[in-house]
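Participant: As given, the protein sequences belong to chains A and B, one line each in that order.
If you're matching positions, the first sequence starts at 1 in full-length UniProt numbering and goes up one per residue.
If you're matching positions, the second sequence starts at 1 in full-length UniProt numbering and goes up one per residue.
Some hints here could point you the wrong way.
DSBU-like mimics (lysine-lysine), calculated; alpha carbons at most 30 Å apart, straight line [to be verified]:
#	chain 1	residue 1	chain 2	residue 2
1	A	Lys-85	B	Lys-134
2	B	Lys-134	B	Lys-122
3	B	Lys-370	B	Lys-42
4	B	Lys-288	B	Lys-122
5	B	Lys-16	B	Lys-6
6	A	Lys-85	B	Lys-288
7	B	Lys-42	B	Lys-52
8	B	Lys-257	B	Lys-186
9	A	Lys-94	B	Lys-376
10	B	Lys-186	B	Lys-16
11	B	Lys-293	A	Lys-85
12	B	Lys-351	B	Lys-16
13	B	Lys-370	A	Lys-101
14	B	Lys-345	B	Lys-497
15	B	Lys-288	B	Lys-52
16	B	Lys-178	B	Lys-42
17	A	Lys-101	A	Lys-85
18	B	Lys-370	B	Lys-16
19	B	Lys-42	B	Lys-354
20	B	Lys-42	B	Lys-257
21	B	Lys-370	B	Lys-354
22	B	Lys-257	A	Lys-85
23	B	Lys-345	A	Lys-82
24	A	Lys-94	B	Lys-345
25	B	Lys-52	A	Lys-85
26	B	Lys-178	A	Lys-82
27	B	Lys-42	B	Lys-345
28	B	Lys-361	B	Lys-178
29	A	Lys-82	B	Lys-370
30	B	Lys-52	A	Lys-94
31	B	Lys-16	A	Lys-94
32	B	Lys-186	B	Lys-370
33	A	Lys-82	B	Lys-16
34	B	Lys-354	B	Lys-122
35	B	Lys-351	B	Lys-497
36	A	Lys-101	B	Lys-186
37	A	Lys-101	B	Lys-376
What the hints contain is simulated information worked out from the structure, not anything from laboratory work.
All values derive from a computational prediction rather than experimental measurement.
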Amino acid sequence: MQHPHRCPECDGTIRETDTEHVCADCGLVVTDAPIDHGPEWRTFSDDPDHAPERTGAPLTRSRHDRGLSTEIGYSARLTGRKRRKFARLRRQHKRATIPSKADYNRIYGFTEIRRLIGTFGIGTGLRDQACTLFASAQTAGLLHGRTIEGFAAAGVYATCRTNGVTRTLDEIAAAARATRPELTTAYDAMNRDLGLPTGPIDPREYLPRYADALSLPARIERQARELVAALETDGLVAGRNPSGVAAGCLYTAATETDHAVTQSAAAAVADVTPVTLRATYQNLTDA
Amino acid sequence: MLQEDKRELSESYFSKERLAEHHFRSYNAFLEHGMQDVVTEKERIETDIGDKEDEEPVWVELGDVRAVTPRVREADGSEELLYPQEARLRNITYSAPVFMEMSIVRGGEEEEERVLDTTETKVGRMPIMVGSDKCNISGFSDEELIEIGEDPADPGGYFIINGSERVLMTSEDLAPNKILAEYDSKYGDEIQVAKTFSQRRGYRALVLVERNREGLLEVSFPSVSGSISFVTLVRALGLESDEEIVHRVSEDPEIVKFMLENLEEADVQTQEEAIEDLGQRVASGQGKNYQLKRANYVIDRYLLPHLHEDGVEEEETRINKAYYLCRMAEACFELALGRREADDKDHYANKRLKVSGDLMKDLFRTALNKLARDVKYQLERANMRNRELTVNTVVRSDVLTERLEHPIATGNWVGGRSGVSQLVDRTDFMGVLSHLRRLRSPLSRSQPHFEARDLHATQWGRICPSETPEGPNCGLVKNFAQAMELSQDVDDERDLKQELSSMGVEGIPGISMETTSTTSADD
Numbered sequence: 001m002q003h004p005h006r007c008p009e010c011d012g013t014i015r016e017t018d019t020e021h022v023c024a025d026c027g028l029v030v031t032d033a034p035i036d037h038g039p040e041w042r043t044f045s046d047d048p049d050h051a052p053e054r055t056g057a058p059l060t061r062s063r064h065d066r067g068l069s070t071e072i073g074y075s076a077r078l079t080g081r082k083r084r085k086f087a088r089l090r091r092q093h094k095r096a097t098i099p100s101k102a103d104y105n106r107i108y109g110f111t112e113i114r115r116l117i118g119t120f121g122i123g124t125g126l127r128d129q130a131c132t133l134f135a136s137a138q139t140a141g142l143l144h145g146r147t148i149e150g151f152a153a154a155g156v157y158a159t160c161r162t163n164g165v166t167r168t169l170d171e172i173a174a175a176a177r178a179t180r181p182e183l184t185t186a187y188d189a190m191n192r193d194l195g196l197p198t199g200p201i202d203p204r205e206y207l208p209r210y211a212d213a214l215s216l217p218a219r220i221e222r223q224a225r226e227l228v229a230a231l232e233t234d235g236l237v238a239g240r241n242p243s244g245v246a247a248g249c250l251y252t253a254a255t256e257t258d259h260a261v262t263q264s265a266a267a268a269v270a271d272v273t274p275v276t277l278r279a280t281y282q283n284l285t286d287a
Numbered sequence: 001m002l003q004e005d006k007r008e009l010s011e012s013y014f015s016k017e018r019l020a021e022h023h024f025r026s027y028n029a030f031l032e033h034g035m036q037d038v039v040t041e042k043e044r045i046e047t048d049i050g051d052k053e054d055e056e057p058v059w060v061e062l063g064d065v066r067a068v069t070p071r072v073r074e075a076d077g078s079e080e081l082l083y084p085q086e087a088r089l090r091n092i093t094y095s096a097p098v099f100m101e102m103s104i105v106r107g108g109e110e111e112e113e114r115v116l117d118t119t120e121t122k123v124g125r126m127p128i129m130v131g132s133d134k135c136n137i138s139g140f141s142d143e144e145l146i147e148i149g150e151d152p153a154d155p156g157g158y159f160i161i162n163g164s165e166r167v168l169m170t171s172e173d174l175a176p177n178k179i180l181a182e183y184d185s186k187y188g189d190e191i192q193v194a195k196t197f198s199q200r201r202g203y204r205a206l207v208l209v210e211r212n213r214e215g216l217l218e219v220s221f222p223s224v225s226g227s228i229s230f231v232t233l234v235r236a237l238g239l240e241s242d243e244e245i246v247h248r249v250s251e252d253p254e255i256v257k258f259m260l261e262n263l264e265e266a267d268v269q270t271q272e273e274a275i276e277d278l279g280q281r282v283a284s285g286q287g288k289n290y291q292l293k294r295a296n297y298v299i300d301r302y303l304l305p306h307l308h309e310d311g312v313e314e315e316e317t318r319i320n321k322a323y324y325l326c327r328m329a330e331a332c333f334e335l336a337l338g339r340r341e342a343d344d345k346d347h348y349a350n351k352r353l354k355v356s357g358d359l360m361k362d363l364f365r366t367a368l369n370k371l372a373r374d375v376k377y378q379l380e381r382a383n384m385r386n387r388e389l390t391v392n393t394v395v396r397s398d399v400l401t402e403r404l405e406h407p408i409a410t411g412n413w414v415g416g417r418s419g420v421s422q423l424v425d426r427t428d429f430m431g432v433l434s435h436l437r438r439l440r441s442p443l444s445r446s447q448p449h450f451e452a453r454d455l456h457a458t459q460w461g462r463i464c465p466s467e468t469p470e471g472p473n474c475g476l477v478k479n480f481a482q483a484m485e486l487s488q489d490v491d492d493e494r495d496l497k498q499e500l501s502s503m504g505v506e507g508i509p510g511i512s513m514e515t516t517s518t519t520s521a522d523d
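When you get a sec, could you build the whole thing from the sequences and use the hints?
Facilitator: The structure is reproduced here in structure tokens:
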């Protein structure tokens, strides 16, 4: 919860103590008994009678049922008829947990999103966003006649882009189960109907990754960053492939400091042709 | 010995390499071949594709597995080496990507087998023990360690999960694959029992041979409810004639007398009858063919699994199982006649320690199974939706990662044990040292277990006689003695058996044939 900086009653200043937020002027207690979000301090070593659970896991948008599912467990104590009965219950329960085809598709989409997020090593926050995006696309009826795989991949691509950790379409397409056309169709549909808050991609977003792939030191990456800024002021970035611009700047920065990087290597990392890269290089060296 | 010499010796035992050496050795062995062993055991992932008509079966072959050194994937996509101190400060996990070779194969029924895709793919991340061979700081000098913000005096031997240091508690278990004879009571009468915890590849089965109050022998093992007659079981295993059974148990006239009583009560006389009898026990109410199939399966799968070995035929294994049961029977009778005493469960010869590498192996095995199930599901889904089947698109790397990290983070291990991993005690330096060299008995601390808590004479030189907590854990939590040396399991049992065979031990399955011919040639 966000604490107000001013007292809601008299607009006085707020004094923070260990456990309370108190108005210094009128004495109003604004908040008390805050939740300790730190780790559990109790230790439960091997006492099965006092299981350390207070409650379940938090709700998550990355599961079709938000993580609120019931499972019928196993017990070694059950035998014979009772055990068979629970096996039947389990089977029927499994069938009943997925109410409709739409939910089934959603599960499939979410699994694909989780897999993609896992291979790219992106955090769980973005995973939830991507899943939410996929769900909105599904509710908006965008999936009709298009593929689930495409939307899953497009959800990941869009989330990465809006959060400034862009992956190129080619990278996504290579890891996704969807083909490149499926991905672009899905992304276009999302962008059109859901109004994604995406602007042009900043070439700087690509720099750390490409610098890492070319094993260039941080110094060169920093220099490339400055080069991108220089290009921007000259208005030479707009309308160019940002990936190519990033690679071009890295290449230029590397050659200026006598770091051996070939044009083709830098271009391969960025998934562009050396010609695209050269355009940026020429812009920079002409100026 | 001179005072100085003693001091030097004692100091060398307190050197940095020695303090957590048991953790390093065990974990390095796991990385070196334990992980590969688990994958090789698994061999392949079968799918249900191909169950329908006009469809060729699909499966995944598992190949080499390897872990690199710890690195971190940043949000911007770059990947760099990770050092322990950075993991601690940023609350991330000190783990290394694991790569596995996988190939998807289709065919085998009508068409020829065809490899659809072979790739070495990242299957997940393995938490790496600080200071182990795969740790980024291994081999660093003190200056280098200080340079990267590491404490040169830190002994290592623990993991870093989400920034918290976790040590895996060494656990003290009863030795598997050994016959333990002891007294028990049933309905007020004293009876004699021979027990074996038979263990092979993570599967553990308890086999009991009981001499009941009528003097009859009964055997119980998993998948058979209650117990079955000893004579029936050995006959099912191929030890048929009365004479053979008696002499395999013992030559002692009093034991022979006991055995004859057992044989008189026997329900079956031949191997076929015995297997039928067993079939009725394990699959009652089913068809006869199924009963026989099930009986054979139970014998080969659940009875004394440790006697199995790759490359040894079931037939030979079965007769060995019969001989083993006879040894257990002999132990029961000897106990009944007072020829021997009950085995001491607290004797250190009957204990084995499970160190971090063994625990990680258990964990990796279940994690791999989980991954295999997921790959199977993903393959079936992808196939149903007519997608191209490629290795990279069916492996979800977070499945394995979560299964490996979660138990270390919470201490809830596979098999329902809890408290296996603990937060490293950083109260002071001595606290860390003591914690790394601590071991725990799996016995419940809420029960008395007086014998288990007592200091046993065989703990001399191995376990510290004075360091144990007060209170409920007294005597159950112990600490290594200063000069304790932990011996390791034999890597390759075949070498050992070969050696034994060359020294004149006969009847070792799989080896006896080749060597008897060579020894006779030598003579």
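Participant: Does each hint hold? Answer for all of them.
Facilitator: Taking the hints in turn, this is what the structure says about them:
1. A/Lys-85 x B/Lys-134: This hinted pair is violated, its Cα atoms lying about 49 Å apart.
2. B/Lys-134 x B/Lys-122: Cα-Cα ~17 Å, so holds.
3. B/Lys-370 x B/Lys-42: 12 Å, holds
4. B/Lys-288 x B/Lys-122: 48 Å, violated
5. B/Lys-16 x B/Lys-6: Satisfied, since the Cα-Cα distance of roughly 18 Å is no more than 30 Å.
6. A/Lys-85 x B/Lys-288: Satisfied, since the Cα-Cα distance of roughly 25 Å is no more than 30 Å.
7. B/Lys-42 x B/Lys-52: Satisfied, since the Cα-Cα distance of roughly 25 Å is no more than 30 Å.
8. B/Lys-257 x B/Lys-186: 23 Å, holds
9. A/Lys-94 x B/Lys-376: 18 Å, holds
10. B/Lys-186 x B/Lys-16: 53 Å, violated
11. B/Lys-293 x A/Lys-85: 25 Å, holds
12. B/Lys-351 x B/Lys-16: 27 Å, holds
13. B/Lys-370 x A/Lys-101: 26 Å, holds
14. B/Lys-345 x B/Lys-497: Holds. B/Lys-345 to B/Lys-497 sits at ~27 Å (cutoff 30 Å).
15. B/Lys-288 x B/Lys-52: 28 Å, holds
16. B/Lys-178 x B/Lys-42: 27 Å, holds
17. A/Lys-101 x A/Lys-85: 27 Å, holds
18. B/Lys-370 x B/Lys-16: This hinted pair is violated, its Cα atoms lying about 38 Å apart.
19. B/Lys-42 x B/Lys-354: 22 Å, holds
20. B/Lys-42 x B/Lys-257: Not OK: B/Lys-42 and B/Lys-257 at ~47 Å, beyond 30 Å, violated.
21. B/Lys-370 x B/Lys-354: Given pair B/Lys-370, B/Lys-354 holds - Cα atoms ~23 Å apart, limit 30 Å.
22. B/Lys-257 x A/Lys-85: The given pair, whose Cα atoms are some 48 Å apart, is violated under the 30 Å limit.
23. B/Lys-345 x A/Lys-82: 36 Å, violated
24. A/Lys-94 x B/Lys-345: 45 Å, violated
25. B/Lys-52 x A/Lys-85: Holds, at roughly 29 Å.
26. B/Lys-178 x A/Lys-82: Distance of about 35 Å is beyond 30 Å: violated.
27. B/Lys-42 x B/Lys-345: Violated, at roughly 34 Å.
28. B/Lys-361 x B/Lys-178: 22 Å, holds
29. A/Lys-82 x B/Lys-370: 27 Å, holds
30. B/Lys-52 x A/Lys-94: Holds. B/Lys-52 to A/Lys-94 sits at ~23 Å (cutoff 30 Å).
31. B/Lys-16 x A/Lys-94: 53 Å, violated
32. B/Lys-186 x B/Lys-370: 41 Å, violated
33. A/Lys-82 x B/Lys-16: 56 Å, violated
34. B/Lys-354 x B/Lys-122: 29 Å, holds
35. B/Lys-351 x B/Lys-497: Status holds; Cα separation ~22 Å.
36. A/Lys-101 x B/Lys-186: Violated, because 57 Å separates the two Cα atoms, which is more than 30 Å.
37. A/Lys-101 x B/Lys-376: 21 Å, holds
In terms of the numbered hints stated before, the structure departs from hints 1, 4, 10, 18, 20, 22, 23, 24, 26, 27, 31, 32, 33, 36, listed from lowest to highest.
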